[in-house]
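For the sequence shown, the numbering used here gives the first residue as 1, with consecutive numbering after it.
With a straight-line Cα cutoff of 20 Å, these simulated EDC-like cross-link-like pairs (lysine to aspartate or glutamate) come out:
1. K376 / D565
2. K376 / D497
3. K546 / E359
4. K376 / D418
5. K446 / D428
6. K80 / E68
7. K446 / D512
8. K446 / D459
9. K446 / D503
10. K446 / D520
11. K446 / D497
Pairwise CB distance ranges, derived in the manner of DEER restraints:
12. D407 / H443: 21 to 31 Å
13. W120 / E402: 16 to 26 Å
14. L94 / S38: 22 to 32 Å
15. D428 / E359: 30 to 40 Å
16. I363 / E402: 10 to 20 Å
17. R28 / R519: 49 to 59 Å
18. S262 / N147: 12 to 22 Å
19. P349 / S252: 56 to 66 Å
Derived by calculation from the structure, the hints in this document are not laboratory data. No experiment lies behind these values; they were computed from the predicted model shown. No residue lacks a Cβ here, since even glycine has one placed at the ideal position from N, Cα and C.
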Amino acid sequence: MATFREWLDKTSETWRPPTAADTAGPFRYLFWLTRSQSRRVALGAFLGTVWMVGLTVPPWVLSRAVDEGLAQHNPGALIKWALVLLVVSVLIALLAIARHRTMTKIRMDASFRSIRATVWHTSRLGSSLARRVNAGEIVTVGITDVNIVAMALTVTGPGVGAVVAYAVVAVILFAISPLLAAVVLAGVPLLVVAVGPFLRRIERTGGDYRVHQGRLTTRLVDVLAGLKVLNGLGGKSFVADRYGEQSQLLVSRGYRVAGPASWVGALSTGLPALFLAAVVWLSARMAATGAISIGDVVAVYGYVAVLVVPVSNFIEGGGDIARARVAGQRIIDVLNLPVTEGTGTAPLPRGCGPLADPESGVIVRPGLLTALVAAKPVEANAVIERLGNDPGALWADVPVGEVARKDLRQRLLVADNDAELFAGTVRDVIAGRLEPDDDRIRHALKVAVAEDIVEALPDGLDSSIAAGGSDLSGGQRQRIRLARAVYAVPDVLLAVDPTSAVDANTEAAMIDRIREARRDTTTVITTTSPLVLDRADEVIVLVDGKLSSVGTHADLLHSDAFYRDLVSRAQDGR
Numbered sequence: 001m002a003t004f005r006e007w008l009d010k011t012s013e014t015w016r017p018p019t020a021a022d023t024a025g026p027f028r029y030l031f032w033l034t035r036s037q038s039r040r041v042a043l044g045a046f047l048g049t050v051w052m053v054g055l056t057v058p059p060w061v062l063s064r065a066v067d068e069g070l071a072q073h074n075p076g077a078l079i080k081w082a083l084v085l086l087v088v089s090v091l092i093a094l095l096a097i098a099r100h101r102t103m104t105k106i107r108m109d110a111s112f113r114s115i116r117a118t119v120w121h122t123s124r125l126g127s128s129l130a131r132r133v134n135a136g137e138i139v140t141v142g143i144t145d146v147n148i149v150a151m152a153l154t155v156t157g158p159g160v161g162a163v164v165a166y167a168v169v170a171v172i173l174f175a176i177s178p179l180l181a182a183v184v185l186a187g188v189p190l191l192v193v194a195v196g197p198f199l200r201r202i203e204r205t206g207g208d209y210r211v212h213q214g215r216l217t218t219r220l221v222d223v224l225a226g227l228k229v230l231n232g233l234g235g236k237s238f239v240a241d242r243y244g245e246q247s248q249l250l251v252s253r254g255y256r257v258a259g260p261a262s263w264v265g266a267l268s269t270g271l272p273a274l275f276l277a278a279v280v281w282l283s284a285r286m287a288a289t290g291a292i293s294i295g296d297v298v299a300v301y302g303y304v305a306v307l308v309v310p311v312s313n314f315i316e317g318g319g320d321i322a323r324a325r326v327a328g329q330r331i332i333d334v335l336n337l338p339v340t341e342g343t344g345t346a347p348l349p350r351g352c353g354p355l356a357d358p359e360s361g362v363i364v365r366p367g368l369l370t371a372l373v374a375a376k377p378v379e380a381n382a383v384i385e386r387l388g389n390d391p392g393a394l395w396a397d398v399p400v401g402e403v404a405r406k407d408l409r410q411r412l413l414v415a416d417n418d419a420e421l422f423a424g425t426v427r428d429v430i431a432g433r434l435e436p437d438d439d440r441i442r443h444a445l446k447v448a449v450a451e452d453i454v455e456a457l458p459d460g461l462d463s464s465i466a467a468g469g470s471d472l473s474g475g476q477r478q479r480i481r482l483a484r485a486v487y488a489v490p491d492v493l494l495a496v497d498p499t500s501a502v503d504a505n506t507e508a509a510m511i512d513r514i515r516e517a518r519r520d521t522t523t524v525i526t527t528t529s530p531l532v533l534d535r536a537d538e539v540i541v542l543v544d545g546k547l548s549s550v551g552t553h554a555d556l557l558h559s560d561a562f563y564r565d566l567v568s569r570a571q572d573g574r
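Put together the whole structure using the sequences plus the hints.
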């Protein structure tokens with residue numbers, strides 16, 4: 001984690017998110033990752049080329065030692081070429097270290113850029129993310145896909161070096177024997193082509209495997225989140241059996257991917273070895289007829305042995321790219337999710353509204369506690385979602401899509417019961433992205449009627465809360481979320497049924513305290529609770545998602561039969 005932070009500090013001023021053109025396809029995305037660190041990639045390609053070409057020097061040195069030292073019985077020449085071989089070997093080792101360090105940095109940079117791009121875009125999607133892509137998909141993208149894509153950037157170093165080294169060896173062999181050069185030039189491409197069908201199969205089976213992997217990860221996230229409930233209901237065994245069945249299906253799909261992948265791995269080692277044996281046999285036959293010298297046979301063996309490295313890199317690089325194509329597509333699928341929020345730069349009007357949702361006809365007057373009620377909660381929630389995220393929503397007659405998003409997020413807050421509770425102390429959880437102030441935190445807890453939660457904890461504000469609030473009850477989590485929203489002191493607070501998980505006495509206290517604490521600011525609450533509706537300054541009634549009537553709770557009970565029936569049913573349900 002410290003490494004990521006160091007990288008983040010160094011690149012915070014130069015990092016730019018990918019454009020629409022950069023996410024048009026997996027290869028375009030790979031090119032963006034390469035272009036973003038072009039100097040380092042160029043250095044990696046240079047070091048990879050020098051290293052691989054340098055591997056051709058030892059065979060030539062050995063051939064000189066054989067022809068000038070052993071064959072001529074010249075100890076001086078033998079010692080000289082042995083020392084040259086030692087120096088060359090050390091230099092090659094140093095180049096290998098520098099190349100490996102550079103390629104590691106390239107992979108890490110690509111991985112961190114992908115993570116940052118994903119986090120950047122998911123933060124722009126805001127609360128709409130959960131409805132458009134499941135948690136397992138995001139987890140799999142962040143853990144698996146970014147690493148697979150980063151690994152594919154290895155071809156920018158050893159891959160380039162492999163091409164150059166292949167050409168250099170072909171030229172050298174041509175100087176020794178045109179026949180050997182022709183065999184090398186014709187044989188190596190055939191080896192690479194032989195692996196092509198396996199690479200295409202990796203792409204096909206890898207895509208299917210990756211989809212089911214994301215679904216299974218989502219199921220795991222859901223199971224872990226509801227483990228306490230499952231224990232209470234006695235359903236843990238059933239869910240575990242279902243998860244086991246799905247895991248076995250994923251394993252079977254994994255075998256379909258592993259089959260061609262293992263063939264690629266085997267062929268990347270086996271085919272170059274067979275090729276080496278064939279060329280050495282041919283060169284030995286030529287030496288027996290006197291067409292080439294014994295030193296040339298040693299050199300040819302060394303040159304062809306060197307070719308094992310670039311040929312293996314060709315094959316392995318092809319496998320990496322095939323896998324990266326699948327993983328890259330999953331990343332850009334997330335990055336291409338459309339952002340419904342505006343990206344304007346105009347200043348947000350002063351004051352607390354009014355807010356208007358043109359689609360439903362709802363107008364929220366500033367400075368009031370407004371209750372939004374509908375027979376179907378999803379209709380009221382949709383209005384809250386549009387008021388908080390839709391570029392077409394109006395703030396004092398100004399479309400929020402035209403205002404600066406950062407300004408909007410500071411002054412308008414959407415609080416729902418699915419909002420994430422991250423692990424940390426009570427102080428950090430309530431403060432959120434803001435600086436913690438103990439007095440303000442205690443005030444926010446009081447407004448949310450959550451003082452008893454902190455009082456029951458051993459270390460007060462320093463007590464830890466588990467991820468997702470899994471160590472809290474549903475009502476406690478709801479009050480902690482509300483306290484966090486109150487602490488932010490937004491001009492406009494849009495709360496989705498913030499009292500649904502508490503008893504009537506607590507609910508009454510919460511609404512009274514919210515109303516008092518947020519006097520002169522705008523607060524909108526979705527609810528069907530008669531207790532909350534009675535304390536609201538204004539009640540807005542929705543029918544089929546559209547504005548039906550507006551008034552106080554008492555007035556609507558007398559004038560609106562639909563509202564009266566809705567409240568009656570809600571009261572009976574309690």
